Amino acid sequence: MKAAPFEYLVADAIDDVTTGLADFGDEATIIAGGQTLVPLMAMRLARPALLIDVNGIPELQGIDQAAGGVRIKACTRQSDALASPIIAQRVPLLAKALPYVGHAQTRNRGTVGGSIALGDPAAEIPLVATALDARITLQKLASTREIPIRGFYEGPMMTSIEPDECITEILFPPWQEEGRRGTGFQEVSLRHGDFAIVAAAAQVIMGEDGVCRRAAVALGGVAGFPFCLTAAEDALTGTVIDDPAVAAAGAAVDGAVDPQNDLHASAGYRRRVAKVLVERVIREAAQEAAGGAPGDHP
Amino acid sequence: MSEPARRNLVHISRKRRVKEDKRFVSGTGCYVQDVVPPGTRHVAVLTSPYPRARIISIDWQKAAALDGVHAVVTGEELAARTAPLHQALNLPHVVWRPLAVAMVRYAGEWVVAVAAETEHIAEDALDLIEVEYEPLPAILDPEEAMAEDAPLVHPEHGSNILYRGVFTWGPVAEDFEAADHQLTFRARWGRSSTVPIETFGVLAWWREGTDTLDIWASIQMPKYAEQIASALGIPLNNVNVHHDVDVGGAYGVKRGIKHTVLAGYLSRKLGAPVRLIEDRLVNLAGGDAHGPDRIFDTEVAFTSDGIITSLKIRAIDDAGAYPGRGPYQLAKPITAITGPYRINSVRYEAISITSNKTGQVPVRGFGQAPTNYMLETAVDKVAQNLGMDRLEVRRRNFIRSDEFPYTIPSGTAYDSGDYHAVLEKVLDLATYDDLLERRDQRRADGVLAGVGIATCLEPSGGNTMFEHLMYPGAEITTFMEACQVRIDSQGAITAIMGTSSSGQGHETLVATILGEELERDPDDIRVIHASSREGLPTLAPVASRMAIMLGGAAAGAARKLRDQMIRIAAHNLEVPPTELEYSGGTVFARFDHAAKLSWREICFIAHNQSHKMPEGLEPGLQAIHVFQVPGGGKLPDDQNRVQLYPCFAFQAHIPFVEIDPGTGKVTIIAYFIAHDCGTIINPDIVRGMVIGGAAQGIGAALYEKFVYAPDGQFISGTFADYVLPSIFEIPYIEVTEHCTPSPLTSHGQKGTGEGGYLGAPAAIASAVNDALAPRGLSLHELPMRMADIEELLNGGDRI
Amino acid sequence: MKPGTITLEVNGRLRSATAEPRLTLLDFLRYALHLTGTHMGCEHGVCGACTVMFDGSAVRSCLMYAFQAQGHQVTTVEGLCDGDGTPGRIQEAFQEAHGLQCGYCTPGMLISAFALLQSTPDPSDDEIREALGGNLCRCTGYAQIIDAVRLAAVSLKGAGG
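Residue numbers (this note's numbering), protein chains in the order written: chain A, 1208 to 1505; chain B, 50 to 848; chain C, 2 to 162.
One chain only, chain A, in its complex shape (with noise of 0.2 angstroms):
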């Protein structure tokens, strides 16, 4: 399992990626973490003439805080994001998520920005940017533009990034409401560590009423891409997340929802868990804005 020949290009800062897109277009990958980059190229489904590492970038290194929410720089280590005191106070879902992702060792080297980029359909870092409505920030040699990230995705492992374009933020908006957050994440794999088959997302504020005052619940595993389960926000939104809320929200799924048969699951599994875990985040989310620890799961 030996790669197909290319050349290597060390970038020093985005400049020198941008360029490099720009002249080789499809012909050059990026290789960030390379966590699943270089498995694909060893197996040859991937065959990049030149690949363009970002490591080296300082740039692309690095998470801050502001007004305008939590900005991680694309290629940091999922491992730092792990560890950052930033996003276990600011984005906790995202803190949340992140021992689900893959192993010590592969987060280590696996970047955030990496992770979006992919976009595959049932992976956490993508989920949780979609449940936050992050919003990714796109640099070329002449332009750079912010969109949100939904709509960044078009299919399974499709974007909308263009192929002069380099991921160099994802910025994580603060929620303005009043109130105590909660959240929740639950995934279903083969193995701990492994990919997800289904993952949910979700988090609330809810009032000192009682009342949820915002609510976001999202799927991967269950379509295209990760996406919000719309109907169930707003079951959920203006109530007591009571047992019939949840059911309610619960019920949002079976009709969002255009899950795969693969080897390790069918269709109808991923739909029936889809469900499943869509109440139990819920509850969680509640539970722990409540002030009460996540509830005792099977």
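Fair warning: there could be bad hints in the mix.
Stretches of chain B that chain A covers, calculated by requiring three or more beta carbons in the stretch to come under 8 angstroms of a beta carbon on chain A [claimed, not checked]:
hint, region
1, 325-337
2, 384-398
3, 834-841
No lab work stands behind these hints, which were simulated from the structure alone.
Since the model is a prediction, treat every value here as computed from it, not as a measurement.
Glycine included, C-beta positions come from ideal geometry on N, C-alpha and C.
Start from chain A and add chains B and C according to the hints.
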């Protein structure tokens, strides 16, 4: 052969570091991938994307012209210059070669081989080869394969049935007639195997100047050198297999025949060393990887008291396109066809099928694991049918400890055992009643929880006369192992074993036994591996045989050396040998301890002072012992009854599982094993074998399956799809021991390498079914994957 | 695609060799630098047999190209030994607890254990599992590996870290 129970053991059964571990933790093991002499050519293989197709043309000119490519070989060339690979059964029309000729018969079959300067260039060359195929309908289901109009995998064989035999031992018809009850069930063992982390690899180096084909390989294969020599048409004593290659796990599967014949052929053609290392894609699809793939239809006759009187078993096994030794995995289980139970009669029908799937290789247990899964399912079903406790049914049916040696209907005598005691030990270890309470409490919490119980017999020692049952006329009755021991002029002990090792700690085994017999420190004893041409008779570490057979050979050699030393001392002390004592390597006169010769003195005499040597003793101190399997040497009688393996270890497993009803995910909360392998030579090695085998069994029960799509594409091609359990999926397994020594072995030891793998799938199935029982559901097909369980619980389409 | 020279620090020493860009760090360590202790199990980043330390973190060397290691620091299993090849404390603990059988996954396990014990000298069993969850073993069933890491933790504490 064994000595009577005697003095306390000094080294055997004591905690001792495993010698081999030192080189492995230092990163200084020598595996086949580490053997790369200058000038080595590297091989890559192009494989078939189709399960069944005619090869219309192969265009490899561009590949051959690529810079750095040394050879491109197709099946035609190889077929002209080598003999077909050996099939274990008598199947003249099933022709197996390293590279396909005219037809491909499984997705992943090797079609073209390239040898190049590097693996990278070899793979670049593969990209330049164009093969034109005419795809044909494939046969993928063993029951469909048996139909009259099924497409034939090997047309000249005339059918897809490679073997069909029926064995009847005892009054089956009468026992069924007389039984109070009968039940019937089907159990399915999905295609999986023990998949080592190191793939198979070989470095073959043909040097005309020395008339030698040197082979370094990650190998665990009886008669490996013989098969290579035969296929390449060279004398056996031109083949030199280096057994001092460390093997990164084998557990049965590393057979390497097609790889080695291909590499050997290329080496001769190129006049250079040739290296073929399976990458993981090649390994999982078409390497040495797939194991039993079996359907059992079983009828059980039993009394109202839960006594099982008779079994009718039909086993259909899909051996794949090129079965090799695979079909014998249907016959080996005959050695314990009734398990640990006093079942009066058995009818056993074994059917081996060929299909357009990868050929099957032997896997740990050689067919015993699927069979035990079926047997334990039968016992649980009897219990369920009668509303009787699963433990009670077992207790009533176990062979009793005072009944050994116990001969089962198929003619094998079990040497020793106390199954009731082992069962009590595991119940104790598991605090069984508390465990049931815990289970019931979890059920009250709304969780699916189950406690499983399964036992298994581990036949060990390797008398494989079952080959004769499936292939009458084979008449092979020698199953031996050898050990040569030398004491050098300085008194240091070196032992030589004749085969490779893959983590079983054979060097430690031999050193410990020699240390015990010669009363010297095992840590000072060096154990090395002879090459095949250095010629110690061996049958490789299969059949859970090495503690018994290599141990017996080592003990035999040690006893010969001790006798030699006593004779030298007798001669020099002028005292008859009967008046001498041997202690710690010193020999002294019983009546006068001052009259003695030390170890060093005896060694010096033996090597240097022929004038002090007794008549008839050769110079030096060396002995070889070739140990024939106990109970071996007999052919089956006219009822197909014969003694198979000599020694029977026994295990009882109790897992406690919880199942998430929403997702089907199984979590093993706790796992307890009690085992009896007779005398334990090294406690750490034995514990590792028990737990490691159980972990592989958990994989087979819950995670692992080689999957083919309906069109015959092989879709579990990577470790993302063939799922090996990690440290998260395997609980910390608690183990306790019992000991019923074997009367047949040097120190009472039995084998222990397979038992975990034989017991765990049955035990996990028992636990999962216990968890599903309150819902009135059960599952009798392995693996029981998460989605399989959820689908059973919540309905919906099958995967 | 021309080969180039890669220079990096391996096990505390500066090492150099030529390689083409597509050579993985694993193959570079094994075949260009002759450090055969690190093993190939799958080449697609699942089994962990290839685990090495890279700038102080455990990574899968089959998922990096050698050129990406230019100028960086790598520790392999050989680097866990003392200068004269004597096994270090973690390796001693694995021997004492027999946390291995065939030895093939062992170098990767040792590196992951080393990484764990550097950051977490007194790990819980959950932390041990988390650290070793990406290293597959087929021989041991993991129990004796857990024993070995617990023992290594004790041993390192006794030695003052």
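Hints versus structure:
no. : hint    : in the structure
1   : 325-337 : holds (count 3)
2   : 384-398 : violated (count 0)
3   : 834-841 : holds (count 5)
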